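> Sequence:
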Amino acid sequence: MSAPAVLWLRRDLRRADHPALGAAATHGDVLPVFVLDPAFFDTAGPVRQGWLAATLRALDASYEGRLCLRAGDPATVIPELVREVGAASVHVSTETEPGGAARDAAVRATLAAAGVDWVETGSPYAVTPGRVVNQSGEGYKVFTPFLRAWREHGWRGPAVEPDGVRLLAADGDPAAWRRVDAALAACPIPLPPAGEDAARARWAEFLGSGLAGYDTDRDRPDLAATSRLSPYLKFGVVHPRTLLADLQGRTGKAVERFTAELAWREFYADVLHRHPASLAGDLNPLGVAYDEPGEGFEAWRDGRTGFPVVDAGMRQLLATGWMHNRVRMITASFLTKDLHLWWPVGARHFLDHLIDGDLASNTHGWQWTAGTGTDAAPYFRVFNPVTQGEKFDPHGDYVRRWVPELAHVRGAAVHRPWDVADGYARGYPRPILDHAAERLEALARYQRR
DNA sequence: TTTTGAGTTGTTCGA
DNA sequence: GTCGAACAACTCAAA
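The opening residue of the first sequence carries number 505 in this note's numbering; numbering runs sequentially from there.
For the record, the hints were derived by calculation from the structure and aren't laboratory data. Every value quoted in this text rests on a predicted model; they were computed, and no experiment measured them. Warning: the hint list may mix true and false statements.
As the list claims (entries may be wrong) - Keeping only pairs whose Cα atoms sit at most 20 Å apart, straight-line, the calculated SDA-like set for lysine to any residue is:
1. 895 / 943
2. 645 / 764
3. 895 / 723
4. 645 / 880
5. 645 / 656
6. 895 / 649
7. 645 / 785
8. 645 / 769
9. 645 / 664
10. 757 / 717
11. 757 / 652
12. 645 / 765
13. 645 / 757
14. 757 / 632
Generate coordinates for the entire structure from the input sequences, incorporating the hints supplied.
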């Protein structure tokens, strides 16, 4: 009988379409393990901890209750586990985020010294970051050519689990499971259903009724027009390759558009992989002056800026761990162009509260808004929070849903409470700033540099 | 090497 | 109300 194979799960918390699982199974009995790494877990807020906890419980069920959960530094925990069960190999999906890649390098070195094989199969992306290159062999810095090259590169079909995979049971750490359950119990917001079955159900529903209108309605925060798969994609509960395979044979603008959104996720992962320093600072520094966070930041964070669509978005984030993409742009523009704060201030807050918070997409989405990222954003692209609200929440339903102080205002007028006779009757705050003035200030700062 | 066309998501103003 | 122009300069990708 051959030695067991450890399947170390990280951002691939699923059973289906799992190339690393297949690879592990060819080596021997498979021991699925997840490590609660304090470097990641302890720094996450209660919402993100809760979503991970729910996902881990579902993952354990996917693996027939045999998920081995341990806590600690993986560089210690994984080699220990390997010794314990006499494993000859450790199987993972390739991690390309800077922190995870550094962690993997450390674990891999320790294992190599012990003569244990380290096998990387697959990644959280249809095309592993670093593989889409231009004619000079370099990565892309502009999305559109990346998209073309990404499509031309293509991707494999879903991985089918080999017959007769045998899962090995190993002692988990009861204290670690207690921490998971405590995190779940302490989660301050209601979470979506976790796990693969829930992700598949969400996807099936989107394919059946949401995809057709995706092209035209995806920008409407008042409608449920997006896939809402991002919390599952974040932990690899569903793999984009699975989605792309299901889209085969379908055509039309909506399919193209949804595929492009998946490509954006891959593009930003590629950019972060090639430019790890962009995690903490500007990819393309503009040299503009930023203010220090103060009362304006607190108003933004708490959803009381006096700009209805901004406040609706910030409150949706706090209440649900999710914010509509269009509103992420509007609120980000407000922080960077109206409050004149540096984008990492907002990016940090988003990451602390989003259950789908993806390091690469969040970082570079923010940099796009700030004009420091991959897209050479025209300096004059400053969102007007009122006209954006009127355009994308045309009936005001989104604002009324998240801002109860404005629930009595009918129609699109909710975006301009200052023009409504009883607009402030229920205590909604007055605007904390003059957008027209701050827009000019932002433009001036860009030109002054 | 040089050149050329293009670059997710906008706003305002004036005709 | 609608529509086109103006709002900078630069970098990137590819021919």
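> Hint by hint, work out which the structure violates, then give me just those numbers in ascending order.
6, 9, 13 and 14
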